[in-house]
Amino acid sequence: MNLEPGTGGNSSRVESSAWLNKAAAVDLENLRPYGDTIDDGKIQLSFTLPVSFGPKAKAAGKALLENIGFKEVEIVHVKDLKEGFTFFVAYGRSQATVDYTSLQVVNPTVSIMDYSEINSFIAEKIGRPIKVVGACTGSDAHTVGLDAILNMKGYAGEYGLERYSGFTTWNLGSQVPNEVLISKAVEVGADALLVSQVVTQKNIHVKNLTELVELLEAEGIRDEFILVVGGPKIGHELAMELGFDAGFGPGTTPPEVASFLAQELVLEGKEEN
Amino acid sequence: MAKLNIDSGIVARCQQAAKTIADGVDKEIAGLTTTSIERTVLRLYGVTGVDNDDIPVANIIVDQLKEKELLAEGAAKNLGKALLSSGLEIAELTEAIAQGEIYLPQLVAEADFSDRRITDFLIKLAEKKSKEINNNRKKRKNLQKELGLGSQPWLYVIVATGNIYEDVNQARAAARQGADIVAVIRSTAQSLLDYVPHGPTTEGFGGTYATQENFRIMREALDDIGEEVGRYIQLVNYCSGLCMPEIAAMGALERLDMMLNDAMYGILFRDINMHRTMVDQHFSRLINGYAGIIINTGEDNYLTTADSLAEAHTVIASQFINKEMARRAGMENELIGLGHAFEIDPAQENGFLLELAQAQLIRQLFPQAPLKYMPPTKHMTGDIFKGYLLNGMFNLASIITGQGIQLLGMLTEAIHTPFVQDRALSLENARYIFKNANKLGAEIEFKDDGIIQERATKVLEEAGEMLEDIAELGLLQALAEGYFANIKRPVTGGKGSDGVLECGKNYFNPFTKIFREEMLER
Chain A
1 MNLEPGTGGN
11 SSRVESSAWL
21 NKAAAVDLEN
31 LRPYGDTIDD
41 GKIQLSFTLP
51 VSFGPKAKAA
61 GKALLENIGF
71 KEVEIVHVKD
81 LKEGFTFFVA
91 YGRSQATVDY
101 TSLQVVNPTV
111 SIMDYSEINS
121 FIAEKIGRPI
131 KVVGACTGSD
141 AHTVGLDAIL
151 NMKGYAGEYG
161 LERYSGFTTW
171 NLGSQVPNEV
181 LISKAVEVGA
191 DALLVSQVVT
201 QKNIHVKNLT
211 ELVELLEAEG
221 IRDEFILVVG
231 GPKIGHELAM
241 ELGFDAGFGP
251 GTTPPEVASF
261 LAQELVLEGK
271 EEN
Chain B
1 MAKLNIDSGI
11 VARCQQAAKT
21 IADGVDKEIA
31 GLTTTSIERT
41 VLRLYGVTGV
51 DNDDIPVANI
61 IVDQLKEKEL
71 LAEGAAKNLG
81 KALLSSGLEI
91 AELTEAIAQG
101 EIYLPQLVAE
111 ADFSDRRITD
121 FLIKLAEKKS
131 KEINNNRKKR
141 KNLQKELGLG
151 SQPWLYVIVA
161 TGNIYEDVNQ
171 ARAAARQGAD
181 IVAVIRSTAQ
191 SLLDYVPHGP
201 TTEGFGGTYA
211 TQENFRIMRE
221 ALDDIGEEVG
231 RYIQLVNYCS
241 GLCMPEIAAM
251 GALERLDMML
261 NDAMYGILFR
271 DINMHRTMVD
281 QHFSRLINGY
291 AGIIINTGED
301 NYLTTADSLA
311 EAHTVIASQF
321 INKEMARRAG
331 MENELIGLGH
341 AFEIDPAQEN
351 GFLLELAQAQ
361 LIRQLFPQAP
371 LKYMPPTKHM
381 TGDIFKGYLL
391 NGMFNLASII
401 TGQGIQLLGM
411 LTEAIHTPFV
421 QDRALSLENA
431 RYIFKNANKL
441 GAEIEFKDDG
451 IIQERATKVL
461 EEAGEMLEDI
471 AELGLLQALA
481 EGYFANIKRP
491 VTGGKGSDGV
501 LECGKNYFNP
511 FTKIFREEML
521 ER
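Here the protein sequences line up with chains A and B, keeping their order.
Read in order, the letters of the first sequence correspond to residues 1 to 273 in the numbering used here.
Read in order, the letters of the second sequence correspond to residues 1 to 522 in the numbering used here.
Calculated from the structure, these hints are not laboratory results.
Check before you lean on any hint, since a few could be wrong.
[Claimed, not checked] Keeping only pairs whose Cα atoms sit at most 27 Å apart, straight-line, the calculated DSSO-like set for lysine-lysine is: (1) B/K495 <-> A/K184; (2) A/K202 <-> B/K378; (3) A/K82 <-> B/K145; (4) A/K131 <-> B/K124; (5) B/K128 <-> B/K513; (6) B/K124 <-> B/K505; (7) A/K153 <-> B/K124; (8) A/K79 <-> B/K435; (9) B/K139 <-> A/K153; (10) A/K233 <-> A/K207.
Because the structure is a prediction, the values reported are computed rather than measured.
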């Protein structure tokens with residue numbers, strides 16, 4: 001299923017019928033959330049206020065959402081979390097809209113291939129396995145994301161890079177100092193560095209990632225590697241800002257990263273030639 | 001209660017192999033101590049505080065002794081000599097060292113006392129300090145009797161704000177919402193610090209530093225709320241990493257109730273040296289056992305790196321080993337909270353049946369253990385709605401199979417450390433299912449040739465084979481070859497190896513003897 005928004009009826013196998021295209025059209029220049037009717041603007045929310053449970057807390061929850069700009073605010077559930085905390089579930093009608101037609105999205109420019117396509121792409125265009133060194137850097141001990149992309153087993157039914165004939169991988173695991181990652185990359189002659197950052201409290205990830213780029217630049221070897229970062233709070237835009245070549249967010253599967261690395265390496269090779 | 005048919009012959013073989021494995025470890029660690037154990041001995045004697053650079057006095061002393069090659073007879077004897085030759089109380093001596101006014105090896109050199117005089121002095125002092133810990137154990141028992149404990153599975157939640165005072169607010173709210181157990185997650189990377197930070201702390205990453213003062217603050221706050229809600233609230237921290245035994249001592253002194261404490265976790269997941277870990281875990285467990293603290297082992301972690309279907313038997317093999325090693329440190333079965341987890345891919349057909357097989361098998365293999373059951377983490381995503389349902393299935397598996405310690409899953413597991421409402425929702429989820437399906441386990445039977453029975457039989461057989469392989473190889477070699485969690489570690493590598501020391505022939509640690517003997521008498 002790959003439907004254009006609001007044009008679902010057009011992909012139907014039926015050419016025409018009593019129900020086709022009868023619902024109101026979507027105004028893509030003034031896109032609003034959808035509950036059960038076009039342009040109803042309904043949004044579901046849940047949040048906590050640090051005040052004691054009671055009628056006044058409920059009024060505060062409603063007033064807060066009105067101050068944000070929601071109309072027709074309904075507080076549908078209020079719960080006493082004790083110790084001066086109150087939890088709310090609420091609905092509101094959003095007044096905000098978005099112009100879908102003029103929206104630009106920054107993504108790694110890549111066409112996603114599957115496991116065997118990637119392997120043959122690498123065999124044909126590069127002629128040797130791509131060397132990838134991965135690590136959770138700094139104090140980060142969470143290897144779930146790194147393992148999902150790198151390890152044999154992979155993620156969401158997709159093999160990890162270790163399994164590909166087109167990749168040779170080194171998974172350095174958790175809490176790896178940037179210096180160690182770099183020296184391993186130099187030692188094995190890596191093509192790409194894969195950094196995973198899960199812990200983002202107090203922007204510790206930004207510090208870690210910036211430090212890596214700075215160290216590479218100081219050594220004059222930044223351009224020798226493709227730099228990729230992933231994590232639940234990582235986006236491509238942030239990655240680019242920090243001087244990486246790509247950033248991958250939550251739900252990324254190994255073929256997405258593999259496709260990027262393969263195509264980026266070919267692209268860089270062309271530039272060098 | 002629904003029961004699986006379990007081949008007692010295989011169970012006996014598993015137990016025998018675990019004994020052989022533990023014999024091998026005992027040989028490896030005989031005659032060894034570590035810098036962290038020596039610091040622990042000092043802490044047990046009451047050495048506390050830090051110098052102007054925030055370096056703990058226990059570290060200062062042990063580093064000085066190591067430099068002067070005085071550690072072979074243990075920190076205790078050196079401390080005894082210093083106390084006798086200076087005539088100071090421990091608090092005075094500690095303060096003077098923190099101020100840089102006293103250099104301990106100097107006092108040791110000046111000491112001229114018979115070995116008998118020193119050891120008698122040290123034993124007397126150690127008995128006094130041990131009594132404080134034993135009193136904490138009795139106080140816990142009395143409070144639990146007076147206030148009562150929640151019924152099992154106990155509801156276990158974590159707080160992880162980084163600020164101990166914020167943690168207190170969240171923990172107290174959780175207790176009022178029905179939590180039985182509160183764990184304060186440690187700041188990430190604390191496990192690799194070779195010292196324990198000091199004092200109350202208000203900044204941490206992904207958690208709050210384990211310090212003795214933070215322990216004390218949270219203990220007081222939970223005792224207070226426990227009285228109000230009429231339930232003893234149990235407090236948990238992490239007895240792992242390079243300071244494993246020191247954290248055990250701090251927990252014993254501040255009456256923590258549970259400690260994450262695994263024989264192999266540090267080796268596998270933190271790349272800590274094998275000998276360091278094996279020596280440290282033994283002394284840590286002596287302390288935990290003596291203090292009546294329940295340990296939680298870390299087998300659940302294997303399934304986050306390895307395949308939860310193919311590697312299910314590694315969890316059980318490891319439980320046999322962890323249990324045997326805890327028993328050798330004098331721990332009662334009732335204190336050995338073996339860990340496992342609900343980590344099978346939710347897309348797996350009949351995956352819930354396989355989870356039931358695993359949970360029920362473990363329940364029957366270790367009937368006295370307060371089993372620690374960990375929620376799904378690996379397959380949690382940003383889809384919090386699906387996550388909430390997964391946690392409900394996890395809770396259902398637990399109530400059917402009678403688990404002991406239910407670490408509640410957070411619907412936002414994959415996103416952030418828990419918000420206050422995430423915790424409240426998890427408690428509501430568990431309480432609903434535990435009450436609503438309370439006697440389900442007692443009502444059902446497992447089919448003889450059914451999916452659940454066959455799965456359990458297969459996993460136990462594989463665990464038995466694995467244990468016999470390891471018994472032949474030795475545990476250290478098995479860890480080197482990647483038997484657990486698909487992680488390989490070199491036998492002589494890893495962090496903290498420079499802290500492993502050989503005991504001299506005059507080595508003396510009075511606490512080992514006191515703890516062991518008193519536990520035997522209980």
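Structure-based check of each hint:
1. About 18 Å separates the Cα atoms of B/K495 and A/K184, which keeps this hinted pair within 27 Å; it holds.
2. Pair hint A/K202 plus B/K378 holds up; C-alpha atoms about 24 Å apart against a cutoff of 27 Å.
3. In summary, the hint linking A/K82 to B/K145 is supported, as the alpha carbons are separated by about 26 Å, within the 27 Å threshold.
4. Note on A/K131 and B/K124: the hinted pairing is violated, with a Cα-Cα distance of about 62 Å set against a maximum of 27 Å.
5. Of the supplied pair hints, the one linking B/K128 and B/K513 holds, its CA atoms being roughly 14 Å apart against a limit of 27 Å.
6. Taken as a hint, the B/K124 and B/K505 pair is honoured in the structure, with Cα atoms around 22 Å apart against an allowance of 27 Å.
7. At most 27 Å may separate the alpha-carbon atoms for a hinted pair to count; A/K153 and B/K124 exceed this at roughly 57 Å.
8. The suggested pairing of A/K79 with B/K435 holds, with an alpha-carbon distance near 20 Å, which does not exceed 27 Å.
9. A distance of roughly 49 Å separates the Cα atoms of B/K139 and A/K153; the hinted pair therefore is violated under the 27 Å criterion.
10. Simply put, A/K233 and A/K207 have alpha-carbon atoms about 14 Å apart, close enough for the 27 Å limit, and the pair holds.
Consistency note: the structure conflicts with the earlier hints numbered 4, 7, 9.
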